[in-house]
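Using the sequences and the hints given, assemble the complete structure.
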Amino acid sequence: MAQIKTIGNNGQISLGKEFAGQNVLIDNSEYGVWTIKIGTFIPHNEQWLLEKDNATKLDEALDWASKNQPASTDLTELENSLSSHFNSNNDNA
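Mind the numbering: the sequence shown is residues 4 to 96 in our numbering, read in order.
No lab work stands behind these hints: they were computed from the structure. Be a bit skeptical, because a hint or two may be false.
Here are the simulated DSS-like pairs of lysine-lysine, each with C-alpha atoms no more than 27 Å apart in a straight line [unchecked claim]: (1) 70 <-> 60; (2) 40 <-> 20; (3) 55 <-> 40; (4) 40 <-> 8; (5) 55 <-> 70; (6) 20 <-> 8.
Following this line, the structure appears as structure tokens:
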């Protein structure tokens, strides 16, 4: 259903309270012509998660994590191990 709206002095129009807080895609196909679509949009830096190979790997990782509880870690032992590893690598440089 077409509606006539007036663009306010601040450049805004109201789409109605039922659309408050929703994300919209606005396509400006030519001057004065807009197509507005409600939708869920994925930020650019998260789109890789939906690529088929990555989505499969992520599902596998989440499945593994749900079946394997984290083990406790002795942080002092870890620090000593890392220190000796990096110190021995620096000796070879």
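Cross-check of the supplied hints:
| no. | hint | verdict |
| --- | --- | --- |
| 1 | 70 <-> 60 | holds (16 Å) |
| 2 | 40 <-> 20 | holds (16 Å) |
| 3 | 55 <-> 40 | holds (26 Å) |
| 4 | 40 <-> 8 | holds (17 Å) |
| 5 | 55 <-> 70 | holds (23 Å) |
| 6 | 20 <-> 8 | holds (14 Å) |
Violation of the numbered hints given earlier is absent; every hint is satisfied by the structure.
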